[in-house]
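Protein sequence lines, in the order shown, are assigned to chains A and B. Note that the numbering used here has the first sequence beginning at 432, numbered continuously upward. Note that the numbering used here has the second sequence beginning at 330, numbered continuously upward.
By construction, these hints were calculated from the structure, which means they are not laboratory data. Given the structure is predicted, the values throughout are model-derived calculations rather than measurements. Wrong hints could be hidden among the right ones.
To be verified - One side of the interface only, derived from the structure: several residues of chain B facing chain A at Cβ under 8 Å: (1) P355; (2) V356; (3) Y361; (4) L375; (5) Q379; (6) L398; (7) L455; (8) L478.
To be verified - Quick list of simulated restraints, FRET-style, between CB atoms: (9) B:F471 <-> A:K496: 52 to 58 Å; (10) B:M420 <-> A:S666: 45 to 51 Å; (11) A:S514 <-> B:A485: 32 to 38 Å; (12) B:S474 <-> A:L776: 30 to 36 Å; (13) B:K490 <-> A:G620: 36 to 42 Å; (14) B:L478 <-> A:D471: 30 to 36 Å; (15) A:D471 <-> B:L479: 36 to 42 Å; (16) A:D546 <-> B:S474: 29 to 35 Å.
Ideal Cβ placement from N, Cα and C applies to all residues, glycine included.
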Amino acid sequence: MELAFIIEKFILITVIFLITLTIAAYSTLAERKIAGFLQDRVGPNRAGPGGMFQPLADGLKMFFKEEIIPAESSTTLFILGPSLALLTALIGSAVIPWGESVQIAGTLVSLQVTDINVGILYIFGVVSLGVYGIMIGGWASNNKFSLMGAIRAASQSISYEIPMGLSIIALLMTTNTLSMKEIAEQQHGINWNIFYQPLGFLIFLVCSFAETNRTPFDLPECETELVGGYHTEYSGFKMGAFMFSEYINMFVSSAVMSTLYFGGYNYPGMDWVNSMAGPLFGPLVGMAVLILKIFAFIFFFMWVRWTVPRFRYDQLMNLGWKVLIPLAIANIVITGIVITIIDKL
Amino acid sequence: MSISLFYLVALLSIFFALMVIFSKNPVHSVLYLIVTFFTFTIHYILLNAQFLAIVNFIVYMGAIMVLFLFVLMLLNLNESSTEYRSNIMKMVGLIAGMCLVITLVGSVKALNASDPLVLQTQDLGLVKNLGKVLFSKFLLPFEISSILLLSAMVGAVLLAKKDIKQV
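Looking at chain A on its own, in the form it has when it is part of the complex:
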């Protein structure tokens, strides 16, 4: 029993890991294709049919580039930085419920790596650790531009964690649970949380852009002021690790937003599909729906990147502290009042 459990989880983790890496790799291609589409040009189309092998070519290029470690920098921390960035990006997907339990040969197999009863807080903790990779890498580079990027990343991440946490509190007040699995189960059919928490979702979305360092919040790597930001001194695969962790972060935060606000694996008419497809393929359809929602969010991330210009630093801080935090607190108060009124009725 114990061994079977370990094997089951091992297979699940491997599959999720592979899906995450594949989607992150193809996000780089999608980003360039979407940029091409928005700027009315073709985008990469030389490697393979329609540019399908471009991520492989990029990966090979990263591997074969020269690894440069700057003199007078702390070598251990210089290598630790990108490794930590990649690690914290990958561990976030552990608590996301990818679908309902699948029935294989009479036993129910959960499509979630672990259902800890503080799942949302775990996600929040992983998000708050994410900045260490950038900070350590930026500091260890021994370069003032890298340091500036690292410090910007740290202050931006801390500022936007607060409204993010407050918007989650309002969500918790309506769901009454911290477990990701229960939150997903509550949103059966089209009973999605977005209809109860529209303002909370908006705040969460803006904060996810800030936490993943995507435009218009990509000040840590602002090339017009800071050369390349925190990864100025990085080359080869360590640079690739930073870039890759950004795309994985985007994938994981899209998955979190889909699960928390857009029903996760739930979709209208899922009962009918489940009764038609059976206990093995029904949940897999749900998983496919979740991945489609994630793709929609990733497209949105890219759409915004190529549409909205970067903020100025004071605008970023004003938005975080003077707009989002008061809005998030107002959202909590309104949610509380509405819940009390509904309870009294």
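Let chain A serve as the given structure and place chain B on it in line with the hints.
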């Protein structure tokens, strides 16, 4: 299993805590402190206090240590700038440290080792139980500590203002 795991994690905590003191570079010290806090998180999980574990993870590892690192990176401490400690400073440090050791040894001796610590409920650390206890039995201390935090926050904002008269 659980006991041996505890001893392993406890050993790691002490090791990394010592590394905080013994590393020359202050940034390395902070990084070792982060790892020390991570071992504390594992201790909480071993005690089945999941909420405390995750709060320790978020608040100490994710927020406070980021601020520590932030300040240290701005200060840019070099090897040369830290070598100002005079012999008097070292003596004062030694005396203070010895006082702390005596206090700790005294308090450990005063502990009645034969009293086993018994948890009233096994699942006390889960979010639901902790919330219920906080909002019923310990409501007053809980609210007072929130006022304490608020006043600390107001004080910090007041200190950060440069010209109080103009406000």
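Contradicted hints - numbers only: 1, 3, 4, 8, 13, 14 and 15
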